[in-house]
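Engineer: Sequence:
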Amino acid sequence: MKNLEAAFAAFDAYNQQDPNRITYQEKSYPQEYFLAQKLHEWILVLNPQASLELLLASKCQHIGRWETPRNQYPDGREGYLKWRKEQANFHVDKALAILRKVGFDETVCYRVKQIILKQKIKADAEVQTMENALCLVFLQYQFEDFLHTQPKEKMVSILRKSLLKMNKQGHDYALKLSFSVEGSALIHKALEELYV
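The opening residue of the sequence shown carries number 24 in the working numbering; numbering runs sequentially from there.
Treat the hints as calculated values from the structure; they're not laboratory data. Accuracy of the hints is not assured; some may be wrong.
Think about it this way: if two alpha-carbon atoms lie no more than 20 Å apart in a straight line, the pair counts; the simulated SDA-like pairs of lysine to any residue are [what the hints assert, rightly or not]: (1) K188 with D147; (2) K212 with Q163; (3) K105 with K184; (4) K141 with Q110; (5) K191 with Q110; (6) K184 with E101; (7) K177 with K188; (8) K117 with G87; (9) K145 with Q192; (10) K117 with P174; (11) K177 with Q192; (12) K175 with F161; (13) K212 with S180; (14) K141 with A73; (15) K141 with L75; (16) K124 with E101; (17) K141 with K124; (18) K124 with N112.
Nothing here was measured: the structure is a model prediction, and the numbers come from that model.
Could you build the full structure based on these sequences and the hints that come with them?
Structural biologist: Laid out in structure tokens, this is it:
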């Protein structure tokens, strides 16, 4: 489908502008470009028959994320929640502008918006798949670096909140990932607390 390929190319080109870098297997990438590729890959693992809208959302879920940095908002929970809400709306605006430009209709745009905003997560299988994929990308590519930036108990709390957003399919895949001894122990501890 031509407009699907055009949308993917436009999303990738936009995310390649990210000045932040991530290193994976000794190669450096624009961070949001790399994470969007990995999110797309996880979506296909979790749902090989993913809909057009879910595939589109996987490439633009956090499009242009570097343009709304957390440090531009106040510290604390209130500032964090405001940042998250405004950031999500920013992603929607950027994504839908590209989708319209390459020829997608409003029905597709509306559904992509629902997925990006993660509406009705526990009632919508595609939104749940997206949440699983987002958490798996974090665990596979960011967790180990993040691990040493937080006290142990806070890290378990962060993991527990992430794991709560996932369903059993997500948990099963999370447990198949490779972690350091410390990382694996924290993930198992967080999962144990969920099922107590």
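Engineer: Hint by hint, note whether the structure agrees.
Structural biologist: Verification of the hints:
no. : hint           : verdict
1   : K188 with D147 : 13 Å, holds
2   : K212 with Q163 : 17 Å, holds
3   : K105 with K184 : 18 Å, holds
4   : K141 with Q110 : 13 Å, holds
5   : K191 with Q110 : 28 Å, violated
6   : K184 with E101 : 17 Å, holds
7   : K177 with K188 : 17 Å, holds
8   : K117 with G87  : 8 Å, holds
9   : K145 with Q192 : 13 Å, holds
10  : K117 with P174 : 36 Å, violated
11  : K177 with Q192 : 25 Å, violated
12  : K175 with F161 : 17 Å, holds
13  : K212 with S180 : 10 Å, holds
14  : K141 with A73  : 16 Å, holds
15  : K141 with L75  : 16 Å, holds
16  : K124 with E101 : 35 Å, violated
17  : K141 with K124 : 23 Å, violated
18  : K124 with N112 : 18 Å, holds
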